Amino acid sequence: ARQEFSQLDVQLHVVDYEDGNHLAFNLQGVDLVISTVSGRAQINLIHAAVRGRVRVFVPSEFEGSISHRPDHHHHDPLDRGSSQALALLRNLARHAQIRYTVFSCGLFMERFHPSGLAYLNIGRGAAIANPGDYLVDINRATAEFADRDARGRSVRVCLSSVYDVVRFLVAAIDLGAERWPVEFTMCGDRMSLNQLVDTCSRVRNGSRRLTAPSPVHFTRHTRSIAELQAYISHFNHAGDAARTAYYQRLLATANGRYDFSHANLNDAILRSNLGEVQPLTLNQWLVIMLQST
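The UniProt record's numbering puts the sequence shown at residues 1 to 293.
Bear in mind the hints are in silico, worked out from the structure with no lab data behind them.
None of the values given here were measured: they were computed from a predicted structure.
All residues carry an ideal CB built from backbone N, CA and C; glycine is no exception.
Possibly wrong hints are sitting among the right ones.
Claimed, not checked - Label pairs and their in silico Cβ distance ranges: (1) 202 / 29: 48 to 58 angstroms; (2) 140 / 11: 36 to 46 angstroms; (3) 221 / 91: 36 to 46 angstroms.
Let the sequences and hints guide you as you build the complete structure.
Next up, the structure:
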């Protein structure tokens, strides 16, 4: 078991995700499963949850909204078993064997931490763990992105910190899982990519940890949709999987994968009498992170 859980008042079970019988046994009496695994392990967990009579399953799908992903007729280059897990859950739900809810939060703000997502020990499997793996490198003061979508509109993203996502999940549980829709969307901030880079630049220049003798100006490599597509084709032909995936992430962002205009979980919590979750904006989160690192 992971050491960080050893001092918490929680029950721990070490499981083998390849052993369906063992998984199902450990899930007996559990009403809600929140998955943090992907791929084959998550598929096995879903099957075990059905056998263990779990009522609600939350898949490990916390960033992009499912409505903005390619449908099952089109290849999703960012898919890491997500489509298979969601298809399985949809089929099981149709037969009333289990209910499921996807919690979509836009982008994790932790992508823009000076140490990247790696400081939370996440993102390695998707190659987005390190600073500069996606859109902004706050240490080197560089950014690469498409600021306009295919229709010429400003590209926007929703953002949430990992810790606020946990708070939203707890609040949703207090609402009662029997009232959950197929997808909950939550958001701490929403902005254009230019505003995102402006925020990173402003906070970085106000940080004692990263401040240079003179103000640091972010180098922005602004791409068009056509340029991103050309880079993907070039690096794919060259056999460079890492750079291909890097530009596929930027293209997916430009295509609106991480943006939604309505955060229905924020609204549901506001309408309830359970108190309010006040998530951090990107500016607030960056200030806290840069002061504490």
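Outcome of the hint check:
Taken as a hint, the range 48 to 58 angstroms holds for the pair residue 202 and residue 29, whose Cβ atoms sit roughly 50 angstroms apart. Checked against the hint of 36 to 46 angstroms, the C-beta distance between residue 140 and residue 11 comes to roughly 44 angstroms, which is consistent with it. A hinted range of 36 to 46 angstroms for the beta carbons of residue 221 and residue 91 is consistent with their spacing of about 43 angstroms.
Every hint from the earlier list agrees with this structure, and none is contradicted.
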